[in-house]
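Sequences are here, hints too, so could you generate the full structure?
Protein chains: 2
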Amino acid sequence: MPQQRDLSRTRERIMAAAQKEFAASGFAGARTDAIARRARVNERMIFYCFDSKEGLYRAVLKQKLSARAGIVESTADEDFISSMVNGFAATCADTDALRMWQWEALDKSKRKLVAEEERRAYFQTEVARWRRAKANGTLPPDADEEMLLLVAAALRTFPLALPQVTSLVTGMDPLDPEFRRKWSACLDWIGQRLLAPDLTSGHERERKKSRRGRRAA
Amino acid sequence: MPQQRDLSRTRERIMAAAQKEFAASGFAGARTDAIARRARVNERMIFYCFDSKEGLYRAVLKQKLSARAGIVESTADEDFISSMVNGFAATCADTDALRMWQWEALDKSKRKLVAEEERRAYFQTEVARWRRAKANGTLPPDADEEMLLLVAAALRTFPLALPQVTSLVTGMDPLDPEFRRKWSACLDWIGQRLLAPDLTSGHERERKKSRRGRRAA
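Chains Z and G, in that order, give the protein sequences. Just so you know, we're using the numbering used here here: the first sequence kicks off at 5 and counts up by one. Just so you know, we're using the numbering used here here: the second sequence kicks off at 5 and counts up by one.
To be clear, the hints were calculated from the coordinates, so they are not data collected in a lab. Do not take every clue at face value.
Where chains are identical, the list cannot tell them apart; a pair therefore holds if satisfied intra-copy or between any two copies.
Said to hold, decoys possible - Computed cross-link-like contacts, BS3-like style, restricted to lysine-lysine with a CA-CA straight-line distance of at most 25 Å:
{"#": "1", "residue 1": "Lys112", "residue 2": "Lys138"}
{"#": "2", "residue 1": "Lys57", "residue 2": "Lys138"}
{"#": "3", "residue 1": "Lys114", "residue 2": "Lys24"}
{"#": "4", "residue 1": "Lys138", "residue 2": "Lys24"}
{"#": "5", "residue 1": "Lys24", "residue 2": "Lys112"}
{"#": "6", "residue 1": "Lys186", "residue 2": "Lys138"}
{"#": "7", "residue 1": "Lys57", "residue 2": "Lys112"}
{"#": "8", "residue 1": "Lys57", "residue 2": "Lys116"}
{"#": "9", "residue 1": "Lys66", "residue 2": "Lys138"}
{"#": "10", "residue 1": "Lys112", "residue 2": "Lys68"}
{"#": "11", "residue 1": "Lys24", "residue 2": "Lys57"}
{"#": "12", "residue 1": "Lys116", "residue 2": "Lys66"}
{"#": "13", "residue 1": "Lys24", "residue 2": "Lys116"}
{"#": "14", "residue 1": "Lys116", "residue 2": "Lys68"}
{"#": "15", "residue 1": "Lys116", "residue 2": "Lys138"}
{"#": "16", "residue 1": "Lys24", "residue 2": "Lys186"}
{"#": "17", "residue 1": "Lys57", "residue 2": "Lys68"}
Quick caveat, the model's predicted, so the values are computed rather than measured.
Dropping the structure here:
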């Protein structure tokens with residue numbers, strides 16, 4: 005079926021072009037005529053393949069999500085530190101996705117979140133992983149797994165989300181190999197300290213001590 | 005000089021309106037006619053007072069920066085943990101400023117950064133503070149003060165910068181008092197672990213041990 009194959013290639017070309025446009029201008033700012041020009045297709049093909057600009061946006065977001073979900077599943081044994089360090093590398097390799105989340109954050113139109121259920125499920129997979137890590141003793145017992153997921157997300161993305169701040173503070177672009185090396189080392193340093201069992205048992209001791217104190221009183 | 009007083013009130017009204025518009029739509033998206041309507045002035049007053057849209061933007065950013073710099077100076081004894089927890093509270097209290105930085109991050113026009121020197125100086129003040137804290141022993145000796153500043157900035161802002169992620173993970177809006185309580189507790193937990201002297205001396209011991217190991221070998 006050569007026609008079917010052509011159509012699927014056209015869809016791919018449109019999605020690649022759309023990703024660039026959505027990353028550059030956000031959902032509201034992106035224009036379907038510019039996407040068509042970039043993909044070298046007739047604008048009507050976009051509506052034929054994806055029904056609407058929102059249909060196209062949804063398709064691009066879902067593709068991003070399943071790529072990320074694939075990474076998460078393939079690294080299910082990954083510890084918290086590697087998840088930060090590798091997650092930062094993944095963000096560097098695909099800044100378009102982060103820009104799409106940022107545009108979405110700035111959009112005040114109260115539009116319903118695209119692919120909300122898939123995204124919630126994606127995060128729940130990661131939360132479940134840190135819950136298991138707590139049970140296994142590889143994360144401290146007093147860690148809050150939802151908060152920890154937000155901490156990891158913050159540290160994976162911040163230098164690229166506000167690159168002007170990174171430059172003002174360090175004099176380097178966040179994609180500069182030297183900056184990437186320093187930030188990865190810092191994530192490792194943070195991870196070591198957050199997970200330190202020494203400290204956990206220290207806190208445990210404190211807690212037991214104060215419990216004993218209360219019993220004695 | 006009643007006229008002078010009127011003019012300064014008009015400037016203030018324009019700046020308050022501009023802050024709202026720039027936060028809502030970014031520099032490129034904000035319209036001076038909308039700012040004029042919101043401030044209830046004739047649009048020409050904007051150009052009379054600030055010369056151009058960029059002049060107005062610069063004035064608003066500088067006002068934000070000096071407010072933040074004032075906070076930094078008034079809390080010069082503040083430790084790293086309080087700076088994260090109070091910085092998060094300050095971000096919650098003024099989400100307009102964060103939105104302005106985000107619009108700036110998404111702007112691909114390669115426009116020169118507004119108030120670049122003042123902002124670099126502002127961050128250098130904070131870096132210098134963490135450098136002193138290292139010297140005083142209140143921050144671990146192996147901490148990198150520039151990276152630590154970015155870590156603090158990330159954790160102060162992330163839940164508000166990508167509020168949709170906060171909602172997907174926790175089911176709460178980042179301004180929900182319950183979320184603010186949990187995130188502040190998490191920042192405190194992180195700070196305790198990052199600064200733990202136990203661990204520092206533990207690492208020191210490790211390093212000394214391995215140094216002795218090398219010497220013995």
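Okay, the hints, checked on the actual structure:
no. : hint            : result
1   : Lys112 - Lys138 : neither (37 Å within a copy, 42 Å between copies)
2   : Lys57 - Lys138  : neither (43 Å within a copy, 53 Å between copies)
3   : Lys114 - Lys24  : both (23 Å within a copy, 17 Å between copies)
4   : Lys138 - Lys24  : neither (39 Å within a copy, 43 Å between copies)
5   : Lys24 - Lys112  : both (22 Å within a copy, 12 Å between copies)
6   : Lys186 - Lys138 : between (28 Å within a copy, 18 Å between copies)
7   : Lys57 - Lys112  : both (18 Å within a copy, 22 Å between copies)
8   : Lys57 - Lys116  : within (15 Å within a copy, 32 Å between copies)
9   : Lys66 - Lys138  : neither (30 Å within a copy, 45 Å between copies)
10  : Lys112 - Lys68  : both (22 Å within a copy, 22 Å between copies)
11  : Lys24 - Lys57   : within (14 Å within a copy, 28 Å between copies)
12  : Lys116 - Lys66  : within (15 Å within a copy, 35 Å between copies)
13  : Lys24 - Lys116  : both (22 Å within a copy, 23 Å between copies)
14  : Lys116 - Lys68  : within (18 Å within a copy, 32 Å between copies)
15  : Lys116 - Lys138 : neither (34 Å within a copy, 47 Å between copies)
16  : Lys24 - Lys186  : neither (29 Å within a copy, 36 Å between copies)
17  : Lys57 - Lys68   : within (17 Å within a copy, 37 Å between copies)
Against the hints set out earlier in the document, violations occur for numbers 1, 2, 4, 9, 15 and 16.
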